[in-house]
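Participant: Please model the entire structure based on the sequences and the hints provided.
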Amino acid sequence: MYDLEDAVLSRRSTRLFLRDKPVPQDVVTEALELAVRAPSNSNIQPWRVVFASGPARGRLVEALLEEADKGDPQVPPLPAEFAHFRRDLGATLYGSMGVARHDAEARRIAVRRNWEFFRAPLAAVVCMHRDLGYADALGVGMFLQTFMLALTARGVGSCVQVSIAGYPDVIREQLGVAEDMRILCGVSIGYPDRDFPANSLDVPRSPLADNVTFLDG
Numbered sequence: 001m002y003d004l005e006d007a008v009l010s011r012r013s014t015r016l017f018l019r020d021k022p023v024p025q026d027v028v029t030e031a032l033e034l035a036v037r038a039p040s041n042s043n044i045q046p047w048r049v050v051f052a053s054g055p056a057r058g059r060l061v062e063a064l065l066e067e068a069d070k071g072d073p074q075v076p077p078l079p080a081e082f083a084h085f086r087r088d089l090g091a092t093l094y095g096s097m098g099v100a101r102h103d104a105e106a107r108r109i110a111v112r113r114n115w116e117f118f119r120a121p122l123a124a125v126v127c128m129h130r131d132l133g134y135a136d137a138l139g140v141g142m143f144l145q146t147f148m149l150a151l152t153a154r155g156v157g158s159c160v161q162v163s164i165a166g167y168p169d170v171i172r173e174q175l176g177v178a179e180d181m182r183i184l185c186g187v188s189i190g191y192p193d194r195d196f197p198a199n200s201l202d203v204p205r206s207p208l209a210d211n212v213t214f215l216d217g
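The sequence shown begins at 1 in full-length UniProt numbering and counts up one residue at a time.
These are computed hints drawn from the structure, not numbers from a lab. Computed from a prediction, not measured in an experiment: that's the story for all the values here. A few of these clues could be false.
As the list claims (entries may be wrong) - Restricting the straight-line Cα-Cα distance to at most 16 Å, the calculated cross-link-like pairs of lysine to aspartate or glutamate (EDC-like) are:
#1 Lys21 x Asp195
#2 Lys21 x Asp193
#3 Lys70 x Asp195
As the list claims (entries may be wrong) - Computed Cβ-Cβ distance ranges for the label pairs, DEER-style:
#4 Ala91 x Arg130: 32 to 40 Å
#5 Arg108 x Asp26: 31 to 39 Å
#6 Val75 x Asp26: 17 to 25 Å
#7 Pro39 x Phe214: 40 to 48 Å
Heads up, the beta-carbon is just placed ideally off N, CA and C, and yes, glycines get one too.
Facilitator: Here it is in structure tokens:
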């Protein structure tokens, strides 16, 4: 077990997992029991999560890959003033994997790993009721961060994937997600492949002054 600071500093977005090393159910349950302590608006606990492993995960991945071959996911583009963050992250991530900018085939293979949940043996989809708003989305976010830190403290890796929500019809059909639920993201969960270069990547953060203001008097 880590202390909180160790867990925060060591958490990474794992982008390749050991497919044949499943996460014990009791470990996931322990992490969830901590995560549900997260605060939420009026204690409504807005998070809804569906987990898929084994054959259920296999069917989901197969359906996602089939849909990805037909067309791009329904993921809204970032506003122009924020688009450089995605470009910078992509350059850093693909660079760590040795994928050249103009190597279209290598990039295609890397992108397809998204729909495989980066080979993680446990896939999750996070949802929230469609009638809830921004304040409740904050609650889901705090739950999700607590869940991932609890997994990290137990030696389990994870990766939040907005891209998974880009094929909502596939998710609903495969996992039985109701129409009144908004699909927010996917989460890959498993033990990191320590030999994969991108798994040790420490993505830089902006200086505090870029996003935080202190007022006194």
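Participant: May I ask you to test the hint 17 to 25 Å on the CB atoms belonging to valine 75 and aspartate 26?
Facilitator: Given range 17 to 25 Å: violated, Cβ gap about 34 Å.
Participant: Between the alpha carbons of lysine 21 and aspartate 193, is the straight-line distance 16 Å or under?
Facilitator: 10 Å, holds
Participant: Sort out whether aspartate 195 lies within 16 Å of lysine 21, counting only the CA atoms.
Facilitator: Answer holds: lysine 21 to aspartate 195 is near 15 Å, not above 16 Å.
Participant: Please check whether arginine 108 and aspartate 26 have a Cβ separation lying inside 31 to 39 Å.
Facilitator: Roughly 38 Å apart at Cβ, these two residues keep to the hinted range, so it holds.
Participant: That 40 to 48 Å hint for proline 39 and phenylalanine 214 (C-beta), does it hold up?
Facilitator: 23 Å, violated
Participant: Should the hint that alanine 91 and arginine 130 are 32 to 40 Å apart at their CB atoms be regarded as holding?
Facilitator: 35 Å, holds
Participant: Take the C-alpha atoms of lysine 70 and aspartate 195, compute the straight-line distance between them, and say whether it is at most 16 Å.
Facilitator: Between lysine 70 and aspartate 195 the Cα gap is close to 32 Å, so the pair fails against 16 Å, i.e. violated.
When the structure is compared with the earlier hints, violations turn up for hints 3, 6 and 7 and for no others.
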